[in-house]
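S.K.: Single-letter residue listing:
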Amino acid sequence: MVNEHNAIEVKGLSKTFNGTVAVNVISFSVAKGELFGFLGPNGAGKTTTVRMLTGVLKPSDGTATIQGHDICSEALQSRAHIAVVPEEANVYLDMSVWQNIMLMADLYGVPRKQRTRKAAELLDALGLSDRREYKARTLSKGLRQRLMLCAALVSEPEILFLDEPTSGLDVQSRQIILKIIRQLSDEGLTIFLTTHNMEEAEKLCSRVAIINEGEIAAIDTPDRLRSAIQARQYVEVVFSDNKLSTQEFESLSGVSSVDLSSNAIRVYTETPGKTATEIACLAKSKGIEIEQLCTRKPALQEVFLYFTSQDKKETE
Amino acid sequence: MTVYVENTNSWRFQLHGALVILKKNIVLYYLKPPVLIFGVLFPVFFFLAFKMGRPITPENIVPGMVAMAVWFTASAVGPLVTPWERRAKTYERLIATPVSLQAMIAGDILSGLLFGACLSIIPVILGLILTDVAITSFLPLIAGVILGAVSFSSLGVLLAAPPASSQSNIMLLSNLVRLPLLFVSGIFLPISEMPIWARWVSPFSPLSYAGDLIAIGFGRRGYFSLWLNPLMLIVFTAILIWGSYKFHRRWRSKGL
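For the record, the sequence lines run as chains A and B. Just so we're aligned, residue 1 is where the first sequence starts under my numbering, counting upward by one. Just so we're aligned, residue 317 is where the second sequence starts under my numbering, counting upward by one.
Take these hints with a grain of salt, some might be off.
[Stated by the list, open to error] Quick partial rundown of chain A residues pointing at chain B, CB under 7 Å, derived from the structure:
no.: 1; residue: Arg79
no.: 2; residue: Leu107
no.: 3; residue: Leu305
no.: 4; residue: Ser309
Derived from the structure by calculation, the hints contain no laboratory data. C-beta: ideal position from N, C-alpha, C; glycine also.
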């Protein structure tokens, strides 16, 4: 049964290449209008998943729907709702910027009037208006990636697949692309973002899935994922002069480990608020002055490393 | 957010897709050096090399030249387009659009057909100006060029199906198929004058039937019966298109 609130529904999707499992029975869904992050180390199965969802690869097993259309039995209908911006800007180098956009619009059956208007809008938004007659060959990597985004958006898709859209780009192109992504998300476009950049995922995505060795290791909002690994929450404390000893820290309730390697001491605990209070009391009783004291949740990068290394430990 | 095409399965939308692919191929690939070398220069020099010092009559030269031009030009486009696009990774972008594999193949075949049919006009005009041959029957000539070009273009698209790291590998494969067939298809010598083993092999080449129709157009007596030539070209085309679809689908499902 397809949930009409979901733009993408994946059920037990698998892909095997000559006996090697690249994607192993993954299931997840992406709601309409959601900006969904798909994270994973190299070779985890991110691109294989995207290639299956966009019709480039045939799944070995399982099923997925795009706007309610099965990617195998209704492949053409499912592809009519999507647009793809791959990591490597594969534009037609011997075509002009304008010709590249018009070609993609034509392949999606966008009427001439609409495609001309939309292309002009996009070129303007992505800072390519003055280069519309330039051959794509003459553009830098950042400009080619912007062109890819224009060509993808000219058909006004309902779902946009972005595979590492800002990887290796100059600051200006990166900022423009991120701004457009935020804007499109605010306008209600469903975005499936594959990225290595945790900071980007944390800022942009409403939910993220972490894929490792072909399996979904975790899936939730970035905030909940951080909270989920309670043992990686910590209290950061900077003393002005003397310090408490490791034993003193470990005697506090809920503390699992202490990192004294830098000036800002990290006390890992499942109950950061309580531990912070106890540290403050202990320091006061010993006459040690505290310069800085705060509770922190792990960054998404730490969550990512936690889940991807956890899977490795389990398989070893 | 708009979906411009409600029914992507409609023949109208897919025909439009095939024509967009054709337009793209014309803009991008017709003037690419491999197409010009293997499609235009190669047959000209090949024929001249064969003709030098041999007493071949104009009525054999001109139809042979036209047939060879169609053979090489129409079958040159397919082996260039797909490997080129695979290497540039633009092929993946095409696959992710709502245009079907059948429409993509149709677009590539149309590209070869148009290229072959247009360039065949050159040897026809040269033959009419420089020799005393004349077109005695237009219909067989046009049928030979058009049906031959569709068939040869389909062969080119079929030969482009295997994934190759370099397009020169596909060009090599296509020449391994195209060159031997040239010698058993009555291009340099009428089939009736060829050795007995070649006469046995010639019915298995689509070029034999297209060459025969073109020769009939120039007033030469045909080797096969008139109705058999177009029929066999249609049969070859159907088999080659079917094979192209099967092989392209097979490699595509593997992501190659």
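S.K.: Taking the hints in turn, state whether each one holds.
M.R.: Hint-by-hint comparison with the structure:
The interface hint given for Arg79 (chain A) is met, as the beta carbon of that residue sits about 5 Å from the closest beta carbon of chain B, less than 7 Å. Residue-level restraint check for Leu107 (chain A) holds (minimum Cβ-Cβ distance to chain B is 4 Å; threshold 7 Å). The beta carbon of Leu305 (chain A) comes no nearer than 29 Å to any beta carbon in chain B, farther than 7 Å, and the hint placing it at the interface is violated. Interface restraint check for Ser309 (chain A): the shortest CB-CB distance to chain B comes to about 29 Å, outside 7 Å, so the restraint is violated.
Comparing the model with each earlier hint shows violations of hints 3 and 4; every other hint is respected.
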